[in-house]
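Colleague: Based on the hints, put chain B in the right spot on chain A.
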Amino acid sequence: MATATQTQQGFVPVEALEKPWRFDLFRRWPWLKRLVRMRSFQYFLLLPNLFMFYLFLIAGLFGTPVGSSNIIIMYVWILWWFVLIAVMMPFGSRIWCTMCPLPFFGDWLQRGAVIKVRSGKSPGTNNKFFGLHKRWPKKLSNIWLQNFGFLLLATFSALLVTRPIVSVIVFGIMIVVATGLALIYRLRTFCNYVCPISGFLSLYAMTATLELRSTDKDECLKCTTKSCIRGSEDGWACPWNVYMGKLDRNNYCGLCFECVKSCPNDNISLFVRPFATSDIVIRGYDEVWKASIMLVLAFSYSVVLLGPYGQLKDWANISEVGNWGGFGLYAAGQALLALVVFPGLYYLSIRLAKWYAKIDNVSTKELFLRYAYMLVPMGLLAWIAFSVPLIMVNGSYIISVTSDPLGWGMDLFGTAHFPWTPFWPEWVPFIQVPILLAGFYYGVRGIHKVGRQLFSDPVQLHRSLVPPTALLLGVTLVFMKLFIG
Amino acid sequence: MSNSSGENVRSTLLRGIQIEARNAKVYDTFAQLFQGYDDSVTAIFCEMADEERQHGTDLEQRYRARFGPVPVPAEEPKEVIEAPDLEDAEALIFDSMTLEQALEVGLKAELMAREFYQREAGRISDPDLQKLYQELGEFEEDHVRRLEEKLAEKGHAPKSTAR
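Protein sequence lines, in the order shown, are assigned to chains A and B. Counting with my numbering, you get residues 1 to 485 for the letters of the first sequence. Counting with my numbering, you get residues 1 to 163 for the letters of the second sequence.
For reference, chain B alone in the conformation it holds in the complex:
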């Protein structure tokens, strides 16, 4: 592995760790935001926050195994690779957030990440970095599958903000 290739792999892993940490914070924020509304929505956001933290821990282990201690990031990542967000600006006004919509928030973010990593894996020529992107894509694929299973359990209906 060349120096530049190693540096690319290191920075990519580090960015992944930062994104997982950021997403955990976002899910925590959503869980707090919906406090006192539908308890199942709050619970699923808490669960997703925990999962993101777990993903971050997994990536940190990989990082440590290859590069040693994980440095404290100097700044937040600028990219929007995997970013959960509410679809509906008026969800709290109309008390319309459902468990299914909360799961869709997570699913949309994971799909966005999977697509990004798969696209990068196809674009990059550096074999080490390509392998990492493939691994990260599979990682996200696993999250997508789990969220889809949860949605299927809930009898997932197409999303709608029409009341």
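In isolation and in its complexed conformation, chain A is listed as follows:
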């Protein structure tokens, strides 16, 4: 049986991908394009963020050690997290990366400039960079480090989200590593391969309703300079090493907009598109495991933080209880579930799909990679559902710490004594359930689209969807059970 697009080992040409509608924001609002093309645009967003981040670090260092009274904990781990996962990711793709303060010092030293562009000939680019500009090891050119990094951070999250000093140490280490790597390796090595936050942003950016793309692929074909990736006198070489001429998914585009400035053909634009419909190609095992880790962590956090399991809470809460044996069990169980059990169940569903649909023209690897897309919208929406009670139940702390950011008894805006007030907690399950169902819907819809690219026979297509869909339904039901009891 012939495949629908004659794919070979997971390769699908950009031209063959079925694309939904998209709306060109730069064409609709030329002022937005003028704004983005300004050299200082990114820094209008970044510098205030950097200043806030600096204040948070100061608060973490010198403020109260009580997490719920310190601005670094409340703003970063409740407000920022909620805005990042529930607003920025689905609607703004990697817009956080546009303004992220962590790589700022590395960029500054590497470029020798904050705003202006330096023309030159550092290897592979048309810009002059400082530092050793080395090639990152090929074996590490993937997101495995980010996968393990995030799993590690998440395992110690009880420390991270309750002890301000731990957050300061972690962010401090990240800034130092980002800066060090920028001086040794090319471009945004830290963001591409090391940053644990960047790893899941890359995965969930696939669902976003925003994309930066070339407007006319033929213009890119005719382009001799490829300035989008190599840079020019108007813009830096793509810090993320992405070639816009063939870009077909958001994962590794950090929305720095340098390509908008450097493209000599004015051929890059910002588009609005439907949610979780356009980028549906998972390309590597590292990305599949990222999806698994994220989904399992959403489950694990929901069990520990929202569930009625006191023993598990104690084990996870190493900072308060100090039961290292229990913590070891919790950490090992979580890692086992994320790295072995869930990927194993998913693999089993793929083997079943191959058997049930009698698939012999698509390899197990290809099906395993391609159908893993279903875990992307499901994972993101599970995280959003998990984050809803965080903001609705604990959001009132944000109001009080805004007036007393260091927990020193200040009352800057008269809200320091705002009592802990859950906002409409009885509504939480009614918000979570539709979000979970949306995750299931978009997951199934996604693999149906993938399946149509792989199989021309509708019977084979639908049979191939049954086992992975059953797994996804199981995941949805487990989350529902956790959220509504």
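There may be inaccurate statements among the hints.
Using 27 Å as the maximum straight-line C-alpha spacing, the simulated DSSO-like pairs for lysine-lysine come out as follows [stated by the list, open to error]:
1. A:134 <-> B:25
2. A:354 <-> A:449
3. A:139 <-> B:154
4. A:121 <-> B:25
5. A:217 <-> B:78
6. B:25 <-> A:222
7. B:25 <-> A:128
Don't read these hints as lab results, they were simulated from the structure.
Modeller: For chain B alone, kept in the frame of chain A given last:
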């Protein structure tokens, strides 16, 4: 040969020269882009750039023999007849560009050109222009064969961007 037929042949040859020059620049750009990664990839892009320049020189000789000095083009050709391009937007992120994939970039462009010239040769009724298109098609056929031989030497596997 009528005036209009001669003009068609002249402009077609000129366009061919421009396209070869453009492609040489693109291959040079790719060679520079992959500097510091796989040396064999950089080397093959340099080689392909040199070949394109050689193709351009061959076409210029033909042009000069029939029409005199080759004029400096006023603008870049608008058509996408033969346009090498990277298949994978993330090749540099994942350091995944192989020598075989680099050769495929060239092969795909040459196949595109061969198909175009053969199609035009079948469509055009002007015998002079038809002959030129046939010659250009054979020209590209030769490039296709050479790239396929190189790929065969490397034990060419089907292209894949799956990691």
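Colleague: Need the list of violated hint numbers for this structure, in ascending order.
Modeller: none
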